[in-house]
Amino acid sequence: MSALVEVSGLSVDYGRADPVHAVRDVSLTIEENQFVGLVGESGCGKSTLAMAIARLERPPARIVAGRIRIGGEAWVSPAAGAATEPTQATAAADPPPARDPGRRTALSTDEIRARRWAEVAIVLQSGMNALNPIMTIGAQFEDAMREHARMTPGQMQARAEETMRMVQVDPAVLRRYPHELSGGMKQRAAIALALCLHPRLVIMDEPTTALDVVVQRQILENLKELRRQQPFAMLFVSHDLGLILELCDRVVVMYAGQVVETSPSAHMLSGARHPYTRALIESLPDPETPTAGYTGIPGTPPELRHIPQGCMFAPRCTRRVEACQTTAPPLERFGDVELRCLVAREEVRDVAHAGA
Amino acid sequence: MSAQQVMVAQAPAGPVRAATPRGHGSGVLAILWRNPRTRVGMVLLGLFVLVSIVGPWLAPYSVNDTSFMFMLPPSARHLLGTTQSGADVFSELLVGTRVSVVVSLAVGALATFLAMLVGITAGYVGGWVDEVLSFLTNVFLVLPGLPLLIVLASFVPGAGMSVIVLIVGLTGWPWGARTMRAQVSTLRSRDFVVAARLAGDGLWRILAREIVPNMLSLVAANFLGASTAGLLTAVGLEFLGFGNPTQVSWGSMLYWAQNSSALLMGQWAWILAPGLCIALLGMSLVLVNFGFDAVSNPRLREEVQ
Amino acid sequence: MSPTQVPEAVDAAPALRVEGVTRVFQGAGRRGARVVALRDVSFDLMPGEVLALVGESGSGKTTIGRIVTGVDRPTSGTVTLAGGAGTTAGTDRRRVQMVFQDPYAALNPFNTVAYTVSRPLVNYDGLSGDKARERVAQILRTVQLTPPEEYLDKRPHQLSGGQRQRVVVARALAAGPEIVVADEPVSMLDVSIRADILQLLRGLLDERRVVAMLYITHDLLSARLLARRIMVLYRGHLVETGPTAQILARPAHPYTQMLWAAIPNPRRAARGEEVPAPAAASGDAPENGCPFAPRCPLALDRCWSERPALRPIDGRRVACHVVTQGTAAAPA
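Which chain is which? The protein sequence lines are Z, G and L, in order. The first sequence begins at 1 in the numbering used here and counts up by one. The second sequence begins at 357 in the numbering used here and counts up by one. The third sequence begins at 662 in the numbering used here and counts up by one.
Derived from the structure by calculation, the hints contain no laboratory data. Every value quoted in this text rests on a predicted model; they were computed, and no experiment measured them. Take these hints with a grain of salt, some might be off.
[As the list claims (entries may be wrong)] Below, a list of computed lysine to any residue pairs in the SDA-like style, where the Cα atoms sit at most 25 Å apart:
{"no.": "1", "chain 1": "L", "residue 1": "K815", "chain 2": "G", "residue 2": "D421"}
{"no.": "2", "chain 1": "Z", "residue 1": "K224", "chain 2": "L", "residue 2": "R956"}
{"no.": "3", "chain 1": "Z", "residue 1": "K224", "chain 2": "L", "residue 2": "V936"}
{"no.": "4", "chain 1": "L", "residue 1": "K792", "chain 2": "G", "residue 2": "G556"}
{"no.": "5", "chain 1": "Z", "residue 1": "K224", "chain 2": "Z", "residue 2": "P19"}
{"no.": "6", "chain 1": "L", "residue 1": "K815", "chain 2": "G", "residue 2": "L385"}
{"no.": "7", "chain 1": "L", "residue 1": "K815", "chain 2": "G", "residue 2": "G402"}
{"no.": "8", "chain 1": "Z", "residue 1": "K224", "chain 2": "Z", "residue 2": "L269"}
{"no.": "9", "chain 1": "L", "residue 1": "K815", "chain 2": "G", "residue 2": "R546"}
{"no.": "10", "chain 1": "L", "residue 1": "K815", "chain 2": "Z", "residue 2": "P298"}
{"no.": "11", "chain 1": "L", "residue 1": "K792", "chain 2": "G", "residue 2": "R546"}
{"no.": "12", "chain 1": "Z", "residue 1": "K224", "chain 2": "L", "residue 2": "W921"}
{"no.": "13", "chain 1": "L", "residue 1": "K815", "chain 2": "G", "residue 2": "A462"}
{"no.": "14", "chain 1": "Z", "residue 1": "K224", "chain 2": "L", "residue 2": "K815"}
{"no.": "15", "chain 1": "L", "residue 1": "K815", "chain 2": "G", "residue 2": "R561"}
{"no.": "16", "chain 1": "Z", "residue 1": "K224", "chain 2": "L", "residue 2": "R928"}
{"no.": "17", "chain 1": "Z", "residue 1": "K224", "chain 2": "Z", "residue 2": "L197"}
Turn these sequences into a full structure, and let the hints guide you.
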């Protein structure tokens, strides 16, 4: 009954001296075949979080606390001796990895690499960066499949063609080089590449940001179709809340390195509670309202070196009270919604009690 | 014009953003110092430059003093032994360092300057100017290096330092010109360059303020690479006897040592010492060159400890 | 230094006239690819208005921006400013300025804000030293970078994306242009700060600091916010032009409809309405037909052999045989 992905108390810093606390004490879960959207402005830590989950973080980024379990295996565990503030999530004792009870740390780099692609695949923002410019697309499929699975050349070719068709790209494109393809086609090839080994989790970081709205729509509809054909779970990172609400089952909102609200997407449009989430929704340009302008959120996100005492959003919040400056609100769960806000929690609690 | 500006990674909480410059000279040195390999290179290079300045004063004997027994092996009095004509090898090494280091760096500077001249003009102006200059570059690229230099050098028997610098530098620019041309033609279409044109800036101002500062690490890398190549080529020419045999340099030491069959005679230090110095200077330049990749590409930087 | 004053009465003369502009890119060598980036594009930009040019990548919208600002030249056709001056070159360069898309690429990382914004003042108005610096400070106030002293000596990496973009606008303003071409000015900024920058641009027009603005974007919704008139560009061809409100309420051209339907719309999704995935192109665009034919769900035989011209219908102009022939169902 455990979720496919369980992240608890994860913290990621940039740099050792005077570090930037890019991700602080983040916990989230992704169920099997569930699409989870991770949304926030630039600098909120969403990409850092996504990379850390895939263990693709690079110096100066360092995971400094927390644990990550994927498919029941510990991809990240707190090393013995590292200070980990006990949170509710880590309170229960975590059994050491079965394969080596004596080892303190989680899966080794080799083991993670073996699981990568077959279990966890990733699609980044620009397909152009992910695809090797001097290899044909087909060769890159071969590369991935040979590295992570045992298949005959015939099987590899067949699977590559199959996934290309799934993303609605002519399999003949496999013989081409990345520079011969348009941005949209490259990105779809990158998605096909991610899916070719039937991963259980696909992490996508702003996959459509560099693409046109029509291509984005094609890919969006395609992804909806794909999960019917070959179910997989997805962590979809984007700054575009509208996109996430259309595609994902559940939304996680991040601000200044922390999760501030999570909720089913169906609920979010009208039922979001956190002032930041509400502000994001209000600034969502709505095709259906002719007069809807872009409303902004005044102010700028805080720098992440020196964490203030109170709520990170307080300086920009229209609903702040005295307590917000001095007390950092905890992330609390109310049914299938999580919320980090001293003011909004009162409303949710009342509703929860009333509805119970 | 400000000294080389530095690209320092902004500590992002999101995807790594483009390089960001900060401050002046010390920033570059700090980044170079952080890389252990580069650190070694910088120390070595610094050492050689130091010796090239004070070498002659450190030398125990004058290089013209040929009063000693010839072909002596290393001893306490002659740390590296003596030459065929009775001069002290160690003193020659210290004095000769100046010529070799200066030639190396001067060739680097000349070749880089010419590469910039040709490459930047071709890349920025484009059109037929580019065609002509690229053709010129290709011609020089195709010319066989050492044979050409031998032919040139043979026209000037006993070529001293300046001549060596000239002929090696004048033939060592094409590689740099090609990369600079490529870099400049990309820079040219960058938005901030277009904006400078729209703001009314003229050609020279754009080159000086917009183009060149954004290719400084390429220039530095080019300089180091050309210096390395220049060192080896100059030594090669001197070894073959095309240099001025009476001027003491590492290459001329090798020339005389070879002529005197030093190895056969047991005077291995006479060959080993200059040879080792050449290798070490070359290596130090290469090591520092590695470090410059991190200056221009923040993602390659070592983390601050 | 002030921009050309806009007379109170409506002036019939356009601030900018683009006529029959075609731009062909010819690859090098004998087998170089030939790309027609723009074909026969014509429009007028009237004083006091924001005209939106909407298209995806490959539509030619950036090329138009570059041609209008004089950075590029058309293969054929003309670009004329008010007063009859030809394509913008020489000192006329100042009359049309550009606000670029990428705030990180539009500013030289080595130059301070003061230097960057002062260049047009130095080059076009002969200002220097303190006078130039004062004027820069004034302009920074206009773009709401206050207090200006805090920003003058900063370099781009010390500024946020929104602040950088304001500097880009400031530089454009410093030349005292009549026309500003804004090429995707907010697409690389966070959603929460787009509104401010768009309002800033809108303000330039309302306060008469510039005469007219050409707003280039792929985002129909921001076009709706800023522009009273809109032109939709597909593969270098204008396919629909007219009043923004009407076109977006009832898009006529099949491409405009596709573009509109593609915008993420969570409310529509919440209602359970399905959106047909836009068709992929089937084959290359015909040499002499409608460029949209390979993707068009309504394409007739005629569409493949005869290029449709812009024709007035329903309060706008549409280049589509199906629509102007009236053989299509009424636009949705």
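- Task: Could you tell me which of the numbered hints above are not met by this structure, giving the numbers in increasing order?
- Result: Hints 1, 5, 7, 11, 13, 14 not satisfied by this model.
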